[in-house]
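Enquirer: So the chains spell out like this:
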Amino acid sequence: MRIEDIKVAILRIEGTNCETESYQAFERLGAKPEMVHLKQLTGQDIHDHEKRDLMDYQIIFIPGGFSSGDYVRAGAIWAARMKSKLAGPLTEFIQEGRAVLGVCNGFQVLVEMGFLPGFDSTMSQIPQAVLSTNDSSRFECRPTILKYENKNNCIFTSKLNSGQKYLIPSAHAEGKLLFPADRGEKFYQKLEDNDQVVFKYVDPDGNYAGYPWNPNGSPHNIAGICNPDGNVLGMMPHPERVFNRYTHPDWTRGFDSEVGDGQAIFESVLGYITKKL
Amino acid sequence: MLVADVQIRLKKGVADPEGKNTKKALELLGFSQVAEVKTSKYFSIHLDTDDEALAKVEVEKMCQSLLANPVINDYSYEFRLLSD
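Here the protein sequences come in this chain order: L and U. FYI, in the numbering used here the residues of the first sequence are 1 to 277. FYI, in the numbering used here the residues of the second sequence are 1001 to 1084.
Don't take each hint at face value.
Unchecked claim - Now the stretches of chain L that chain U is said to cover, found in silico as 3 or more residues with beta-carbon under 8 Å: (1) 70 to 76; (2) 125 to 135.
Claimed, not checked - Ranges between beta-carbon positions, derived for each pair: (3) L:ARG183 to U:SER1040: 22 to 28 Å; (4) L:MET55 to U:GLU1027: 53 to 59 Å; (5) L:PRO249 to U:GLY1019: 29 to 35 Å; (6) U:PRO1070 to L:LYS51: 33 to 39 Å; (7) U:ALA1035 to L:MET55: 53 to 59 Å; (8) U:VAL1014 to L:ASN152: 32 to 38 Å; (9) L:PRO89 to U:ARG1080: 37 to 43 Å; (10) U:PHE1031 to L:LYS51: 52 to 58 Å; (11) L:ASP229 to U:LYS1012: 31 to 37 Å; (12) L:GLY254 to U:LYS1041: 44 to 50 Å; (13) L:LYS51 to U:LYS1041: 32 to 38 Å.
Rather than coming from a laboratory, the hints here were simulated on the basis of the structure. Model, not experiment: these values are computed from the prediction. We put the beta carbon where it would ideally sit given N, CA and C, even for glycine.
Using the sequences provided together with the hints, build the complete structure.
Expert: Here it is, written out as structure tokens:
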């Protein structure tokens, strides 16, 4: 399909942020993004002409923010609202090979919904992981450096270079990816074996480093993972915030790329959809 | 009317940075006897029933599907009758 025909739903509910940056990222690359409120998909409390069908889109983008005040747990309320009405359609959407990207709060939502890590099925009834409170117990907001670690499974990263570092900012208070204590190491190994690890936090020399390079204390420095099929990606840092060079924190000081480090993620997924769907 | 007092705790071994920070702050304020602080969440859920067996089934489901994440949380609950 042609890039100008690709429809992207930028989901929003109360408390989402960076929708505009995300919208513009897709728009600047020639796709057709649309801001879609969750109620437009569930059909509750809205006019008929506002209703939207999930299957009209090829990409779902779940942005960051503090959806529903992050009550109960980060992303839990949004996940519950989606689960109640959209579990079936979203599962179908993912099984068809369409793309779902969750950034920051969006990552938390995908984990709470059971779509990530998605070890045994597209969606697990009970979450298999959690994005837990940062070790610092604070909201950590700063540029973070990510090393691209995927071996070609993830559809959002085909235009990234393996082992290369990307500066993508983080802004979250709950970003530590945890598995059940008794199966933790087994699950981290499973992520590696399934080629589900996409990004890890590193220091400027490319070494796996502790705080502050790893802003949340995530074991194995994990910053982003995909599902086993590679078409659902969740990551804590915000690629849409560094789409062009001018929003890089250091763009006046030796940043010599014409494009921002986040752009390749959007290009990759659009490239994938043009070829596959 | 039944009220469920639901407590959501962090499992043993899960880091509790909020508790740790609270302990530090209490010590700064001069409380020298604080050995440990653990945080938890409390929900008071008012139910439209007096049937405790039914309420138990419902609250158990509530904990599993929203209030707790089994990866890091333990939960417990007690019921009390609300008289008006």
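Enquirer: Hints first: check each against the structure and report whether it holds.
Expert: Cross-check of the supplied hints:
1. 70 to 76: holds (count 3)
2. 125 to 135: holds (count 9)
3. L:ARG183 to U:SER1040: 22 to 28 Å: Holds, since L:ARG183 and U:SER1040 (Cβ atoms, about 24 Å apart) stay within the stated range.
4. L:MET55 to U:GLU1027: 53 to 59 Å: Given about 57 Å between the Cβ atoms, the range holds.
5. L:PRO249 to U:GLY1019: 29 to 35 Å: holds, 33 Å
6. U:PRO1070 to L:LYS51: 33 to 39 Å: holds, 35 Å
7. U:ALA1035 to L:MET55: 53 to 59 Å: holds, 56 Å
8. U:VAL1014 to L:ASN152: 32 to 38 Å: Because 34 Å falls inside the window, the suggested range holds.
9. L:PRO89 to U:ARG1080: 37 to 43 Å: Since the Cβ atoms of L:PRO89 and U:ARG1080 sit about 40 Å apart, the hinted range of 37 to 43 Å holds.
10. U:PHE1031 to L:LYS51: 52 to 58 Å: Check passed, 57 Å falls within 52 to 58 Å.
11. L:ASP229 to U:LYS1012: 31 to 37 Å: With Cβ atoms ~35 Å apart, the hint holds.
12. L:GLY254 to U:LYS1041: 44 to 50 Å: holds, 47 Å
13. L:LYS51 to U:LYS1041: 32 to 38 Å: holds, 36 Å
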